[in-house]
Amino acid sequence: MKAKQNWRLMALLLPAIALICVLFLNPLVGVLIQSFVGDDGFTLKSISKLWTSRLARVVLERTFWLAFTVTVICLLVGYPAAYYMSQLRPRKRAMITYLVLLPFWISILIRTYTWIILLGREGLVNNALQWLGLTEQPVQFLYTNFAVHLGMVQILLPIVILPTVAGMVNIDGGLIKAARVMGASPIRAFWSVFFPLSLSGAATGGLICFILSLGFYVTPTLLGGQKSLIIANLIDLQVHKTLNWGFAAALATALLLATLLCLLIFWLATRNRPEFATGGLSR
Amino acid sequence: MKDTGATIEFRNVRKEFGAFTALDNFCLEVGAGEFMTLLGPSGSGKTTALNALAGFIDVGQGDILIDGISIRQTPTEKRNIGMVFQSYSLFPHRNVLANVSFPLQMRKMHKAEVRQRSMKALEMVQLAELAQRMPHELSGGQKQRVAIARALVFEPRVLLMDEPLGALDLKLRESLQLELKALQKQIGSTVIFVTHDQGEALTLSDRIAVMDQGEIQQICTPQELYDQPASTFIANFIGSNNILRVGGADQHSIQVEGLGRIPLKPGTEKPYAVGLRPELIRRTESDGVPAMVEQTIFSGEAIRYIARTEDGTEILLVEPRHPGEAPLAAGQSIALGFDFENLIFLPK
Amino acid sequence: MTITRRNFNLGSVAALGALAAPAMARAEGTTIVVNGSGGSLETVIRDMFELPFTEQTGIKVRASAPVSLPKLKAMVESGNVEWDLTELNGDDVVIATKNGWLEELDYSIIDPEGLLPEMAKEPTALVRASYSTVLAYRTDRYEGEQPSSWADFWDVERFPGPRSLENSPKGTLEFALLADGVAPEDLYPLDVERALSKLDEIKAHIPVWWSTGAQHVQLLIDGEVNMTSCWNGRISPLQTEGKPVAITFNEGALMLSYMGMPKGAPHPKEAMEFLKFRLNPKLAADFVKVVPYPGFVPGMFDYLEPDFVETLPTAPKNAAAQFKFNSQWWAENLEEVTERWTEWTLL
Chain A
1 MKAKQNWRLM ALLLPAIALI CVLFLNPLVG VLIQSFVGDD GFTLKSISKL WTSRLARVVL
61 ERTFWLAFTV TVICLLVGYP AAYYMSQLRP RKRAMITYLV LLPFWISILI RTYTWIILLG
121 REGLVNNALQ WLGLTEQPVQ FLYTNFAVHL GMVQILLPIV ILPTVAGMVN IDGGLIKAAR
181 VMGASPIRAF WSVFFPLSLS GAATGGLICF ILSLGFYVTP TLLGGQKSLI IANLIDLQVH
241 KTLNWGFAAA LATALLLATL LCLLIFWLAT RNRPEFATGG LSR
Chain B
1 MKDTGATIEF RNVRKEFGAF TALDNFCLEV GAGEFMTLLG PSGSGKTTAL NALAGFIDVG
61 QGDILIDGIS IRQTPTEKRN IGMVFQSYSL FPHRNVLANV SFPLQMRKMH KAEVRQRSMK
121 ALEMVQLAEL AQRMPHELSG GQKQRVAIAR ALVFEPRVLL MDEPLGALDL KLRESLQLEL
181 KALQKQIGST VIFVTHDQGE ALTLSDRIAV MDQGEIQQIC TPQELYDQPA STFIANFIGS
241 NNILRVGGAD QHSIQVEGLG RIPLKPGTEK PYAVGLRPEL IRRTESDGVP AMVEQTIFSG
301 EAIRYIARTE DGTEILLVEP RHPGEAPLAA GQSIALGFDF ENLIFLPK
Chain C
1 MTITRRNFNL GSVAALGALA APAMARAEGT TIVVNGSGGS LETVIRDMFE LPFTEQTGIK
61 VRASAPVSLP KLKAMVESGN VEWDLTELNG DDVVIATKNG WLEELDYSII DPEGLLPEMA
121 KEPTALVRAS YSTVLAYRTD RYEGEQPSSW ADFWDVERFP GPRSLENSPK GTLEFALLAD
181 GVAPEDLYPL DVERALSKLD EIKAHIPVWW STGAQHVQLL IDGEVNMTSC WNGRISPLQT
241 EGKPVAITFN EGALMLSYMG MPKGAPHPKE AMEFLKFRLN PKLAADFVKV VPYPGFVPGM
301 FDYLEPDFVE TLPTAPKNAA AQFKFNSQWW AENLEEVTER WTEWTLL
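Protein sequence lines correspond, in order, to chains A, B and C. Going by this note's numbering, the first sequence opens with residue 1, and the numbers climb by one from there. Going by this note's numbering, the second sequence opens with residue 1, and the numbers climb by one from there. Going by this note's numbering, the third sequence opens with residue 1, and the numbers climb by one from there.
Any given hint might turn out to be false.
Stated by the list, open to error - Dumping the calculated EDC-like pairs for lysine to aspartate or glutamate here, alpha-carbon to alpha-carbon at most 16 Å:
#1 Lys170(C) <-> Glu336(C)
#2 Lys227(A) <-> Asp200(C)
#3 Lys241(A) <-> Glu332(C)
#4 Lys185(B) <-> Glu155(B)
#5 Lys177(A) <-> Glu294(B)
#6 Lys282(C) <-> Asp47(C)
#7 Lys73(C) <-> Asp39(A)
#8 Lys98(C) <-> Asp39(A)
#9 Lys241(A) <-> Asp200(C)
#10 Lys49(A) <-> Glu343(C)
#11 Lys241(A) <-> Asp47(C)
#12 Lys49(A) <-> Asp200(C)
#13 Lys241(A) <-> Glu339(C)
As the list claims (entries may be wrong) - Derived CB-CB ranges, DEER-like:
#14 Thr69(A) <-> Glu137(B): 36 to 44 Å
#15 Val72(A) <-> Glu179(B): 45 to 53 Å
#16 Asp236(A) <-> Pro160(C): 53 to 61 Å
#17 Pro160(C) <-> Leu99(A): 40 to 48 Å
#18 Arg72(B) <-> Leu99(A): 48 to 56 Å
#19 Leu132(A) <-> Val291(C): 41 to 49 Å
#20 Leu257(A) <-> Glu179(B): 52 to 60 Å
#21 Ser240(B) <-> Ser185(A): 42 to 50 Å
#22 Ser37(C) <-> Phe104(A): 26 to 34 Å
#23 Glu174(B) <-> Gly174(A): 22 to 30 Å
#24 Ser68(C) <-> Pro27(A): 12 to 20 Å
Because the hints were derived from the structure by calculation, they are not lab data. Just so it is clear, CB atoms sit at the ideal spot from N, CA and C, and this is done for glycine as well.
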């Protein structure tokens with residue numbers, strides 16, 4: 001009886017599974033095959049280039065470093081905001097959540113272009129700085145790593161904040177009271193109880209942010225200089241400029257494997273921690 | 001028994017939440033080492049009193065003193081109070097030992113001493129072998145024992161317990177009650193225990209304060225409370241009782257429904273109702289109030305009968321069970337006997 | 001079954017989903033599909049060439065975009081060819097021809113009287129337009145002398161401020177060598193390393209490398225850069241609007257853009273009729289007035305004002321000041337040089 005019910009429930013997953021198979025697995029397998037196909041059929045040339053090409057290595061490193069720094073900044077900026085939201089009454093929190101989600105109504109492309117307008121040599125920020133006399137020559141904000149970070153943090157911040165808030169809201173307020181009555185000052189109660197318990201939610205947000213960062217394309221392209229270009233740009237280059245589809249596929253495969261590796265590490269690091277079991281989203 | 005408990009005093013404490021008055025001119029004195037229970041239905045203000053003492057809420061008016069010193073300005077963490085919560089409130093990210101160690105770590109005690117004292121506290125609740133477990137690996141009873149060990153580990157002079165056994169099943173609750181009582185005797189802390197379970201209150205307490213609508217209705221020992229409830233509300237709330245309305249009265253007697261005419265001692269005011277404990281009613285062969293058995297309830301060690309008198313009043317009586325003897329069947333006629341001195345005269 | 005690129009592409013092309021079914025088009029009479037770079041140009045081409053062509057021949061023309069060598073490759077290799085004609089860059093033509101992605105053109109249909117100069121006729125592609133990549137600059141940034149050569153572009157002392165170049169080795173390497181003193185006729189074969197070390201000198205002054213025509217225009221008018229390499233046709237509209245920008249044809253790269261027919265194009269005959277139609281000198285002249293990228297259409301200059309001819313890349317004076325971009329060399333070396341370029345820019 002139970003098994004039958006499970007099967008019925010599984011059936012609800014079918015449309016999603018079908019979509020994933022057609023739209024995700026099919027091209028994915030295609031990409032995997034492509035990394036082993038050369039002009040004369042099977043080849044390991046593209047894959048081995050991942051090791052031999054200094055370019056691929058440097059850009060992969062750069063991609064991970066960018067994803068890492070963006071994630072750290074998002075967490076540092078997002079955590080206090082999430083804490084503030086978690087302490088609000090549910091009604092007000094819902095309202096603030098809408099505000100946090102508001103940027104999602106605007107496409108990433110437009111939000112990124114807005115930074116170009118703001119950060120340009122004759123943009124708002126530079127004009128203000130010059131008007132205030134803080135600088136004589138315009139500051140080169142645009143086409144730097146700084147601009148890329150700014151653009152990516154702005155886009156990814158809600159993705160870090162929301163799971164963090166969800167995790168924090170689930171923390172039993174009684175635990176903080178308990179810590180206080182047992183002799184912890186508000187600050188110690190925060191660091192010894194609230195903070196460790198909020199990590200699961202924040203880690204979930206951070207992980208999503210990190211993985212999304214790895215695949216970013218538009219923002220580094222528009223806001224970054226050549227030194228900010230990451231793996232997605234390199235793949236694009238192989239597809240559209242050098243027509244080296246094999247290497248493009250190999251790079252994509254490498255990115256996919258690296259992402260899976262991150263998930264694996266996260267899973268291994270948290271599997272014995274009950275508070276991480278549900279990703280901090282619920283208890 | 002060590003004499004380590006502190007005295008506690010609530011002086012005219014008033015606390016409002018919006019239009020709701022949680023505590024109304026609340027006064028309470030608890031002696032050193034006393035086990036004081038705040039008993040009352042939910043919303044009666046007992047938890048508010050506890051939270052005020054712990055410092056979780058600010059007191060609007062009045063004062064709270066520990067050992068005669070006002071603690072109104074003392075932050076929670078400096079009040080040196082042990083507390084056990086209904087929801088256990090164990091830290092899910094710390095193992096059992098680390099949970100129990102927490103209060104000692106907050107007091108910046110030396111590592112070795114923290115460990116030694118924490119293990120001692122765990123031994124006290126017989127959980128030393130589970131020291132390395134995580135809270136989610138424990139049963140409800142084990143969790144609450146850890147919580148008790150954690151509350152006692154720093155030998156607080158005041159121990160607050162907010163319905164600590166409420167989430168446990170009956171059997172476990174009863175065994176933990178006895179353990180708790182023994183622990184308290186051993187440690188000597190002053191305990192304020194909040195519950196809505198009158199049985200628990202009667203079992204554990206030195207004194208019980210019955211609360212209703214933010215005020216103390218009666219404060220006395222469990223026995224006094226049982227034998228001489230100060231109001232119909234308390235008589236109803238503590239144990240089972242037959243509350244019988246009083247009808248007409250003259251100088252010497254009153255008319256009680258079900259029982260008939262009862263003599264009134266000279267100078268006594270006419271009561272609102274009369275209480276009669278079901279276990280103090282006996283069946284007599286003759287000379288009793290005639291009644292008819294309506295329902296027979298077997299409850300293990302005793303048999304409860306619901307009987308109806310000729311004037312239509314329902315009366316509950318409880319008899320110890322005698323093995324081999326068949327209980328009365330519904331429809332059987334009986335006569336109810338009682339002693340006048342067992343009647344409780346109740347004001348409204 | 002062995003997996004080859006060909007049968008894999010069948011799947012990926014189908015996934016593109018944007019391909020019309022050629023069978024349907026055939027059933028309706030004839031519609032040829034001409035692939036171009038899209039944008040506002042598409043409207044101009046429709047009004048000036050496509051509609052009159054349909055009126056004259058009854059053959060309908062549908063425009064598609066964008067120009068993409070990978071897409072051409074995918075179409076031909078999958079056998080699912082949508083385009084009858086497509087625009088191509090000079091080196092695209094060389095690569096596409098080498099790989100057999102283009103059909104041979106029949107010049108007895110396109111140019112029956114043999115009026116086209118040899119330069120305009122490749123076996124698999126017809127010159128459609130010529131354009132120059134030149135030095136453009138902000139006229140309001142420098143007092144007195146304005147930059148007029150790639151050596152000036154490299155001279156950050158005399159002409160300070162940020163500049164931009166195309167994020168492509170094509171043309172950019174040539175400019176670096178010219179700035180380094182190489183004579184235009186000695187450019188090819190390019191000394192890639194010498195060009196890159198010359199580029200190292202100004203790398204720090206190039207905050208951004210442009211990749212589209214829209215982008216370099218934006219960079220100039222937003223003041224992000226003071227100079228950039230630039231497509232000649234993009235500047236005159238800005239000057240008309242009164243923007244402080246100018247170009248010099250000096251040391252510009254004269255590049256050719258072609259029209260080619262994908263291998264297996266559904267309507268080769270009709271497509272070549274359309275190519276012939278576009279060689280009408282009157283129509284071509286009207287078109288160039290709007291889009292200053294002239295092809296080698298015989299007799300076209302007769303319909304144009306001499307002053308206007310002056311501003312075209314193929315005007316004798318301008319053509320002489322430029323070097324001819326060598327598509328053949330680029331096609332042969334593209335992969336290697338692009339890889340080196342990518343490394344140089346990204347590392």
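How the hints compare with the structure:
Annotation: proposed proximity of Lys170(C) to Glu336(C) holds, straight-line Cα distance about 12 Å (limit 16 Å). Restraint check: the Cα-Cα separation between Lys227(A) and Asp200(C) comes to about 14 Å, which is no more than 16 Å; the hinted pair holds. Of the supplied pair hints, the one linking Lys241(A) and Glu332(C) holds, its CA atoms being roughly 15 Å apart against a limit of 16 Å. A hinted pair counts as satisfied when its Cα atoms are at most 16 Å apart, and Lys185(B) with Glu155(B) qualifies at roughly 13 Å.
Between the alpha carbons of Lys177(A) and Glu294(B) the distance comes to roughly 51 Å, so the proposed pair goes past 16 Å and is violated. For a cut-off of 16 Å, the pair hint linking Lys282(C) to Asp47(C) stands: about 14 Å separates their Cα positions. Distance check on the hinted pair: Lys73(C) and Asp39(A) sit about 13 Å apart at the alpha-carbon level, within 16 Å; holds. Between the alpha carbons of Lys98(C) and Asp39(A) the distance comes to roughly 14 Å, so the proposed pair stays at or under 16 Å and holds.
About 22 Å separates the Cα atoms of Lys241(A) and Asp200(C), which puts this hinted pair outside 16 Å; it is violated. Taking the CA atoms of Lys49(A) and Glu343(C), the gap is about 14 Å. The hint holds against a cut of 16 Å. Between Lys241(A) and Asp47(C) the CA atoms are separated by roughly 32 Å; this puts the pair beyond 16 Å, and the hint is violated. Taking the CA atoms of Lys49(A) and Asp200(C), the gap is about 26 Å. The hint is violated against a cut of 16 Å.
Between the alpha carbons of Lys241(A) and Glu339(C) the distance comes to roughly 10 Å, so the proposed pair stays at or under 16 Å and holds. The hint said 36 to 44 Å for the Cβ distance between Thr69(A) and Glu137(B), and at roughly 38 Å that hint holds. Roughly 49 Å separates the CB atoms of Val72(A) and Glu179(B), a value that falls within the hinted 45 to 53 Å. In this structure the hint that Asp236(A) and Pro160(C) lie 53 to 61 Å apart at CB is violated, the actual value being about 33 Å.
Judged by the Cβ atoms, the range 40 to 48 Å given for Pro160(C) and Leu99(A) holds: they are separated by roughly 44 Å. The beta-carbon spacing between Arg72(B) and Leu99(A), approximately 39 Å, falls outside the hinted interval of 48 to 56 Å. Distance hint for Leu132(A) and Val291(C): a CB-CB separation of about 45 Å, consistent with the stated range 41 to 49 Å. At about 56 Å, the CB distance of Leu257(A) to Glu179(B) agrees with the hint of 52 to 60 Å.
Remark: the range hint 42 to 50 Å for Ser240(B) to Ser185(A) is upheld by a beta-carbon distance near 48 Å. Remark: the range hint 26 to 34 Å for Ser37(C) to Phe104(A) is upheld by a beta-carbon distance near 33 Å. Glu174(B) and Gly174(A) have their C-beta atoms about 25 Å apart, which keeps the hinted 22 to 30 Å range intact. Checked against the hint of 12 to 20 Å, the pair Ser68(C) and Pro27(A) passes, with Cβ atoms roughly 18 Å apart.
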